[in-house]
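Enquirer: Read off the chains here:
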Amino acid sequence: MSMMSANKILFTGPVGAGKTTAISTISDVEPFRTEQYATDETKERKELTTVAMDYGMMRLSCGEHIHLYGTPGQSRFDFMWEILTEGGIGVVILIDNCRPNPLEDYAFFVNAFRSFIQDTAAVVGVTRSEYPNRPGIEDYWRVTNELDLNIPIFEVDARDRRDVTCLIQALLYSLDAGLVEQ
Amino acid sequence: MSAGPLKIGLLGMDYRSMSLFHSTISKHLQDGSEVVNVTNADLAVFDMDTAYVKEQWSAFKTLYPDAATIALSSKHSVIDDITCLRKPIDFTLLAKIINELLPEKNIVWKIPDDYHPEESGSQSVKVATSKKDLAEQMNDIDGNSSVVPLRYNYSNIESESNLFDPMKYLYSTLKEVVKEAQVLKKYRKIMLWNQKYLIIDPINNRIITDMSNGVLRSVCLTAVNNENTPIDVTVTNQNKTEQDIAKGKTATYSINALIWFMAILSSRGRVPETVNGQPFDRELPIYLLHWPNFTRLEPVPHAQNIVSLWIKQPRSISSLANALNIDEKHVINLFVATQAIGLSGQAKRPGDVLFTPVNPVQHKQRGLFSSIMQKLQTIGLEKSSVAYSR
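Chains as they are written, first to last, in the numbering used here: chain E, 1 to 182; chain X, 1 to 390.
Don't read these hints as lab results, they were simulated from the structure.
Please note that the accuracy of each hint is not assured.
If you anchor each label on the Cβ, the simulated ranges turn out as follows [stated by the list, open to error]: (1) GLU138/E <-> ASN37/X: 32 to 42 Å; (2) THR378/X <-> PRO132/E: 54 to 64 Å; (3) THR378/X <-> SER115/E: 26 to 36 Å; (4) PRO279/X <-> LEU149/E: 32 to 42 Å.
SDA-like cross-link-like pairs, simulated, lysine to any residue; straight-line CA separation at most 25 Å [stated by the list, open to error]: (5) LYS185/X <-> VAL180/E; (6) LYS189/X <-> ASN133/E; (7) LYS185/X <-> LEU147/E; (8) LYS179/X <-> GLU86/E; (9) LYS312/X <-> LEU147/E; (10) LYS312/X <-> ASP139/E; (11) LYS27/X <-> PRO135/E; (12) LYS348/X <-> ASN133/E; (13) LYS312/X <-> ARG142/E; (14) LYS27/X <-> LEU147/E; (15) LYS329/X <-> GLU86/E; (16) LYS185/X <-> GLU138/E.
Glycine included, every Cβ here is placed at the ideal spot set by N, Cα and C.
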């Protein structure tokens with residue numbers, strides 16, 4: 001499988017945000033995961049963590065395939081991020097609203113993929129947003145203004161197909177506003 | 001050999017207009033652009049709608065008679081002997097003028113072949129392109145320098161049935177009470193007919209009601225804010241709220257989701273007479289601050305389509321509908337809903353009408369994107385009303 005595969009959508013975000021889950025939700029094949037037992041602070045959140053990437057795929061009726069790549073969440077794997085963006089359609093950034101500082105996570109990942117976003121498009125899915133005393137969607141809008149961007153930000157459940165498809169739709173419309181609704 | 005960034009001097013514009021002008025030019029230039037003092041610029045642009053800029057123009061031309069200059073105006077084609085490029089600016093015309101003013105710069109533009117500014121309805125004016133003689137091509141210019149409306153023609157006959165007064169509908173009252181509750185961080189209870197209630201819980205961002213879905217829809221469809229409908233707003237608290245919930249059947253909604261839903265039902269595709277208490281002019285552009293949180297809001301047909309174009313630049317309702325070839329009522333519904341939750345409004349700043357809106361440019365992978373959209377429909381996206389209480 002070539003990293004240069006065209007027709008790919010990238011899923012990124014911090015550890016535990018739901019990248020692997022979101023890919024599983026819309027993939028036509030059982031996602032291929034590269035996981036190992038977590039040994040760092042990640043193990044406090046989950047037993048297994050992605051160490052290279054996740055891979056899923058959507059089969060289209062025209063015969064094309066859309067490759068879905070999930071990046072590892074720890075920043076020490078950031079060398080993988082640039083490789084994975086090559087030839088990508090756009091990026092889905094998932095943010096876990098229950099992490100200690102989700103707004104910082106959001107700004108970090110937007111800046112990490114900034115040049116890719118400028119050439120393509122991005123959408124943001126905020127997971128675990130139902131808990132009280134956590135940042136609201138207005139806080140993410142405020143940070144978006146500070147980042148001088150205006151990208152779609154939705155509250156999502158990565159297990160919910162409607163939510164994940166809504167994210168992908170927003171990504172496509174951001175790329176082509178004249179796309180006709182099916 | 002690279003010409004380097006185009007140095008532009010801007011006079012008479014507010015900060016936002018300058019920022020928009022610079023970013024629009026820059027993204028279409030291979031070598032980009034930078035804003036500098038007019039005396040050091042390759043090209044000086046004067047906004048003649050601002051007070052005293054005409055005098056500054058005259059002084060500048062006296063000092064630098066051969067400088068490349070462009071005058072902008074939303075009102076006049078000619079001011080004294082100064083020929084103006086009309087606002088909103090047709091970007092392709094602007095690029096052509098800059099090329100003619102600065103042939104030695106060998107400017108390379110990055111404008112897609114299918115980049116089409118829409119017809120603005122204003123008179124198009126050929127502008128003198130000579131550095132020395134701004135009055136060149138006067139014969140081609142319409143001698144009528146009176147104000148030409150920048151507005152778009154109505155496609156629908158404006159009649160009372162196409163309009164509604166938001167202040168007569170419950171969602172407007174709810175909006176005001178929510179605002180008060182959020183500022184004071186206190187619970188509020190709205191009673192209708194001394195029977196049905198809406199409790200606003202600003203702490204947990206929710207509204208609790210004992211109205212069934214059917215009753216709620218009926219209330220939204222009717223102008224209830226009148227002397228025949230007693231609406232009482234009282235103070236309540238968390239304990240009382242929990243008691244009310246325990247008493248009988250209630251439904252809980254997020255604040256924005258319910259206001260959005262009520263606004264759509266109350267509008268039903270009709271244009272609001274007022275927005276934030278001010279008369280609404282449907283011919284003028286409307287702005288959108290952010291993408292709405294669509295996964296948690298009642299679906300509106302073509303909503304994401306509309307937003308993806310609208311978010312780029314303020315546009316009028318008819319401009320959005322025409323560019324996307326959709327019924328205006330969907331744009332109106334979306335505008336009313338977004339305005340109800342504070343995301344949109346009537347655009348009034350000069351920068352909002354600086355450039356003529358551009359119709360969407362087809363992406364080279366549109367065919368692929370259409371196939372992906374088709375696939376997404378089969379993954380289980382429901383077309384019917386989404387449960388907005390989560």
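Enquirer: Indicate, hint by hint, whether the structure satisfies it.
Expert: Hint-by-hint comparison with the structure:
{"no.": "1", "hint": "GLU138/E <-> ASN37/X: 32 to 42 Å", "verdict": "39 Å, holds"}
{"no.": "2", "hint": "THR378/X <-> PRO132/E: 54 to 64 Å", "verdict": "36 Å, violated"}
{"no.": "3", "hint": "THR378/X <-> SER115/E: 26 to 36 Å", "verdict": "34 Å, holds"}
{"no.": "4", "hint": "PRO279/X <-> LEU149/E: 32 to 42 Å", "verdict": "33 Å, holds"}
{"no.": "5", "hint": "LYS185/X <-> VAL180/E", "verdict": "43 Å, violated"}
{"no.": "6", "hint": "LYS189/X <-> ASN133/E", "verdict": "23 Å, holds"}
{"no.": "7", "hint": "LYS185/X <-> LEU147/E", "verdict": "29 Å, violated"}
{"no.": "8", "hint": "LYS179/X <-> GLU86/E", "verdict": "46 Å, violated"}
{"no.": "9", "hint": "LYS312/X <-> LEU147/E", "verdict": "16 Å, holds"}
{"no.": "10", "hint": "LYS312/X <-> ASP139/E", "verdict": "21 Å, holds"}
{"no.": "11", "hint": "LYS27/X <-> PRO135/E", "verdict": "34 Å, violated"}
{"no.": "12", "hint": "LYS348/X <-> ASN133/E", "verdict": "36 Å, violated"}
{"no.": "13", "hint": "LYS312/X <-> ARG142/E", "verdict": "18 Å, holds"}
{"no.": "14", "hint": "LYS27/X <-> LEU147/E", "verdict": "18 Å, holds"}
{"no.": "15", "hint": "LYS329/X <-> GLU86/E", "verdict": "41 Å, violated"}
{"no.": "16", "hint": "LYS185/X <-> GLU138/E", "verdict": "17 Å, holds"}
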